[in-house]
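> As a plain string of letters, each chain reads:
Number of protein chains: 2
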Amino acid sequence: MSYQLHYWPGIQGRGEFVRLALEAAGADYVDVARGEGRGQGVPAMTRFFEDESIARPPFACPFLVDGKKVIAQSAAILLYLGPRLGLAGKSEADQLWTHQIQLTIADLVSEAHDTHHPVGAGLYYEDQKKEALRRAGEFRKERIPKFLRWFEAILERNPRNAKRKDPHLVGAKLSYADLSLFQAVEGLYYAFPKATKRAMKKAPLVGALHDGVARHRRIAAYLASERRIPFNEDGIFRRYPELDG
Amino acid sequence: MSYQLHYWPGIQGRGEFVRLALEAAGADYVDVARGEGRGQGVPAMTRFFEDESIARPPFACPFLVDGKKVIAQSAAILLYLGPRLGLAGKSEADQLWTHQIQLTIADLVSEAHDTHHPVGAGLYYEDQKKEALRRAGEFRKERIPKFLRWFEAILERNPRNAKRKDPHLVGAKLSYADLSLFQAVEGLYYAFPKATKRAMKKAPLVGALHDGVARHRRIAAYLASERRIPFNEDGIFRRYPELDG
Numbered sequence: 001m002s003y004q005l006h007y008w009p010g011i012q013g014r015g016e017f018v019r020l021a022l023e024a025a026g027a028d029y030v031d032v033a034r035g036e037g038r039g040q041g042v043p044a045m046t047r048f049f050e051d052e053s054i055a056r057p058p059f060a061c062p063f064l065v066d067g068k069k070v071i072a073q074s075a076a077i078l079l080y081l082g083p084r085l086g087l088a089g090k091s092e093a094d095q096l097w098t099h100q101i102q103l104t105i106a107d108l109v110s111e112a113h114d115t116h117h118p119v120g121a122g123l124y125y126e127d128q129k130k131e132a133l134r135r136a137g138e139f140r141k142e143r144i145p146k147f148l149r150w151f152e153a154i155l156e157r158n159p160r161n162a163k164r165k166d167p168h169l170v171g172a173k174l175s176y177a178d179l180s181l182f183q184a185v186e187g188l189y190y191a192f193p194k195a196t197k198r199a200m201k202k203a204p205l206v207g208a209l210h211d212g213v214a215r216h217r218r219i220a221a222y223l224a225s226e227r228r229i230p231f232n233e234d235g236i237f238r239r240y241p242e243l244d245g
Numbered sequence: 001m002s003y004q005l006h007y008w009p010g011i012q013g014r015g016e017f018v019r020l021a022l023e024a025a026g027a028d029y030v031d032v033a034r035g036e037g038r039g040q041g042v043p044a045m046t047r048f049f050e051d052e053s054i055a056r057p058p059f060a061c062p063f064l065v066d067g068k069k070v071i072a073q074s075a076a077i078l079l080y081l082g083p084r085l086g087l088a089g090k091s092e093a094d095q096l097w098t099h100q101i102q103l104t105i106a107d108l109v110s111e112a113h114d115t116h117h118p119v120g121a122g123l124y125y126e127d128q129k130k131e132a133l134r135r136a137g138e139f140r141k142e143r144i145p146k147f148l149r150w151f152e153a154i155l156e157r158n159p160r161n162a163k164r165k166d167p168h169l170v171g172a173k174l175s176y177a178d179l180s181l182f183q184a185v186e187g188l189y190y191a192f193p194k195a196t197k198r199a200m201k202k203a204p205l206v207g208a209l210h211d212g213v214a215r216h217r218r219i220a221a222y223l224a225s226e227r228r229i230p231f232n233e234d235g236i237f238r239r240y241p242e243l244d245g
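One line per chain: the protein sequences are E and W, in this order.
For the first sequence, full-length UniProt numbering assigns the number 1 to the initial residue and increments by one for each residue that follows.
For the second sequence, full-length UniProt numbering assigns the number 1 to the initial residue and increments by one for each residue that follows.
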């Protein structure tokens, strides 16, 4: 039976981290809310928030349905999918480290979101533009370099990256954390092209990882397909030139 | 060998979620940065950020050291400790559900933090008070009730809570998610006493869970001890009366 991914159509958002894992593994999945067939579309997703017969309902999307299981929180979904899709190591230590990296990427992603919505997700960007300018300044100057320094350091310290070619975050194989870091870097380049270009100069292994994921056969095909939603100003990473520096 | 917990002394912060699990289980642990003995204190913690021989370094604290293992991200630490401390179910499904709830509590905690630091963690509260007033309004009116509704719903739908006495989030036994929800509710009561009291009227099972955890023998002893740092205005949950409504 195929996996069901439930996420808002029209944006990459947090659903994209799950989508990249499913795509990289060539997994059979249905992107439910984007579908137009029977039992698809946004109502097929939102019913999970309303149906009181679901014992373990999601708080928000994305969520994954696998048979009778409903799993929300992108990091928890990837924790579940990782070993099943061959995108996480076999040992507990490797799985936990992959997950720890994923949670740190999720923190970066949340902070990227908050640059354009510092005062509240329920308000328009235009109503918090002044605050966004202040918050984005700190994010560009302090946070992007700090996160990239850490990713660079852990890539350097992974003994399997000694040759510095096609580096990976955990061991010698592609993991969902690699895919997620690729996506985070893509998002940063989209939202903060100038600041990211500057910061990435000091993170050559992160750059090599990013390029390696982009060349991955299935990922390259996915990125070139219509299944990949372009970045846009409804998503987490938004290009507001005034927020870049 | 005892666990080493590393977290900033002086605040509960995100370290408290780990501390509560260790305390509830009666685990042998050292609160490293708070200690004054040899190999303790803040420098014993910060060296983990600087020591390049650590292959899998933390990005931030809290982190746990268990022998040679160093594990950061509070949710990942609890994922690791849960089965070891008897604070998570045995099945993969139960462990994943416990973790999913934990990640949702972590989202609530991050949002609570951002009420007083919407513009940036690097600025003083006084420099972002106007923005904090706006953000706290949305948090009080929309987010606290929404999160509590979800916790109440999952407590209602847990068949093991049919008697509605001493409810638990997962199955019939205390889990780290129960401890974390207790802590989140404590924090909300501290930071937003009026708004939380109002919202909790519609969440009786959350209230019963909170009270049940507070009565837990080891937790009650811990809360009464000096090991429990009081809430204060350097932590995540801060009492700024102007932000309550």
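Simulated from the structure, these hints should not be mistaken for lab results.
One should not assume that every hint holds.
Which copy? The list can't say, so a pair holds if one copy fits it or any two copies do.
Unchecked claim - Distance condition first, Cα-Cα at most 20 Å in a straight line; then the derived EDC-like pairs of lysine to aspartate or glutamate: (1) K165 / E111; (2) K165 / E242; (3) K163 / E152; (4) K194 / D51; (5) K68 / E92; (6) K194 / E111; (7) K201 / E186; (8) K173 / E156; (9) K165 / E226; (10) K141 / E186; (11) K202 / E36; (12) K141 / D127; (13) K90 / D244; (14) K201 / D28; (15) K69 / D31.
Please read these numbers as outputs of a predicted model, since none were measured by experiment.
> Confirm or reject each hint.
Right, here's what the structure says about each hint:
For the identical chains of this complex, K165 and E111 are neighbours neither inside a copy (30 Å) nor across copies (39 Å), given an alpha-carbon limit of 20 Å. Proximity of K165 and E242 under a CA criterion of 20 Å is satisfied in neither setting, with 36 Å inside one chain copy and 54 Å between copies. Taking the closest pair of Cα atoms, K163 and E152 come within 20 Å of each other only inside a single copy of the chain (15 Å); across copies the shortest separation is 52 Å, beyond that limit. Within a single copy, K194 and D51 get their C-alpha atoms no closer than 45 Å, and across copies no closer than 31 Å, so neither meets the 20 Å cut-off.
In this homomeric assembly, K68 and E92 come within 20 Å of each other (Cα to Cα) only across copies, at 14 Å, whereas the closest approach inside a single copy is 25 Å. For the identical chains of this complex, K194 and E111 are intra-copy neighbours only, at 18 Å inside a copy versus 29 Å across copies, given an alpha-carbon limit of 20 Å. Within a single copy, K201 and E186 get their C-alpha atoms as close as 15 Å, which meets the 20 Å cut-off; across copies the closest is 44 Å, which misses it. Taking the shortest Cα distances, K173 and E156 sit within 20 Å of each other inside one copy (15 Å), while across copies they are farther apart (43 Å).
Taking identical chains as interchangeable, the C-alpha atoms of K165 and E226 are never at most 20 Å apart, the minima being 30 Å within one chain and 52 Å between chains. Only within a single protomer do K141 and E186 lie at most 20 Å apart by alpha-carbon distance; the minimum there is 18 Å, versus 35 Å between protomers. Within a single copy, K202 and E36 get their C-alpha atoms no closer than 45 Å, and across copies no closer than 38 Å, so neither meets the 20 Å cut-off. Taking the shortest alpha-carbon separations for K141 and D127, only the inter-copy value of 18 Å comes in at or below 20 Å, while the best intra-copy value is 24 Å.
Neither within a single protomer nor between protomers do K90 and D244 lie at most 20 Å apart by alpha-carbon distance, with minima of 41 Å and 48 Å respectively. For the homomeric pair K201 and D28, neither the shortest alpha-carbon distance inside one copy (37 Å) nor that between copies (45 Å) is at most 20 Å. Proximity of K69 and D31 under a CA criterion of 20 Å is satisfied intra-copy only: 16 Å inside one chain copy versus 38 Å between copies.
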